[in-house]
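Asker: Protein chains in written order, with this note's numbering: chain A, 1 to 116; chain B, 1 to 116.
Bear in mind the hints are in silico, worked out from the structure with no lab data behind them. These numbers were taken from a predicted model, which means no experiment stands behind them. We treat Cβ as the ideally placed atom computed from N, Cα and C, and that holds for glycine. Don't take every hint at face value.
[As the list claims (entries may be wrong)] Here are the in silico distance ranges between beta carbons for each label pair:
id: 1; chain 1: B; residue 1: Ala18; chain 2: A; residue 2: Arg64; range: 45 to 53 Å
id: 2; chain 1: A; residue 1: Ser96; chain 2: B; residue 2: Thr60; range: 17 to 25 Å
id: 3; chain 1: A; residue 1: Arg81; chain 2: B; residue 2: Gln14; range: 48 to 56 Å
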Amino acid sequence: GAGVSQSPRYKVAKRGQDVALRCDPISGHVSLFWYQQALGQGPEFLTYFQNEAQLDKSGLPSDRFFAERPEGSVSTLKIQRTQQEDSAVYLCASSSSRQTSNYGYTFGSGTRLTVV
Amino acid sequence: AQKITQTQPGMFVQEKEAVTLDCTYDTSDPSYGLFWYKQPSSGEMIFLIYQGSYDQQNATEGRYSLNFQKARKSANLVISASQLGDSAMYFCAMREGRAAGNMLTFGGGTRLMVKP
Numbered sequence: 001g002a003g004v005s006q007s008p009r010y011k012v013a014k015r016g017q018d019v020a021l022r023c024d025p026i027s028g029h030v031s032l033f034w035y036q037q038a039l040g041q042g043p044e045f046l047t048y049f050q051n052e053a054q055l056d057k058s059g060l061p062s063d064r065f066f067a068e069r070p071e072g073s074v075s076t077l078k079i080q081r082t083q084q085e086d087s088a089v090y091l092c093a094s095s096s097s098r099q100t101s102n103y104g105y106t107f108g109s110g111t112r113l114t115v116v
Numbered sequence: 001a002q003k004i005t006q007t008q009p010g011m012f013v014q015e016k017e018a019v020t021l022d023c024t025y026d027t028s029d030p031s032y033g034l035f036w037y038k039q040p041s042s043g044e045m046i047f048l049i050y051q052g053s054y055d056q057q058n059a060t061e062g063r064y065s066l067n068f069q070k071a072r073k074s075a076n077l078v079i080s081a082s083q084l085g086d087s088a089m090y091f092c093a094m095r096e097g098r099a100a101g102n103m104l105t106f107g108g109g110t111r112l113m114v115k116p
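The following block holds chain A by itself, in its conformation from the complex (with noise of 0.2 Å):
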């Protein structure tokens, strides 16, 4: 596609909930990464693929997190019993190369969740 597409754009979850939340990068991008947005802060990095394989989940904050890019192209992130604290903006980025010098990152519009 032209951009990054991350759905669904709103979701409100009970606390206690599994959600799904699903990024689809630009086409033959190679590299995706999510990020969590608390309200009011900048963005963390939680994990990254390269293809289909992750490379980096070390921004993960529990086990309650998991992501996946099964074929290399849409990624999954899940957050299983989800807590108040979950509650944030969920942001996906992906990159066209393994090697860049300078730009790269595009980012989708985020996924707000709001965990009740």
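Place chain B on chain A using the hints.
Answerer: Okay, now just chain B, sitting in the frame of chain A:
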């Protein structure tokens, strides 16, 4: 220590005037890139400008310029001739190393408000 520091939570500027948004960074990696993003209320992260650590000249992109002072580890964004549409959150970010798989680390952001 914070890797990216933005000390101005909020800034006002009169329409048509110039404004400088501050950013300082901390890294021991000699190769790094600095980015500025705009985030309007719609939530997407819009890339504005990039500066590489080895770039000899300050980056410019239209009304945006980056005042890069390497010894002071600062990378301030200058917006000339402010427009009402410039009202948004602005984030400074850094990538350490050159690989596309290296994550971005963001500052806390500055909210810019342009007055008519």
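Asker: Tell me the hint numbers this structure goes against, listed in increasing order.
Answerer: none
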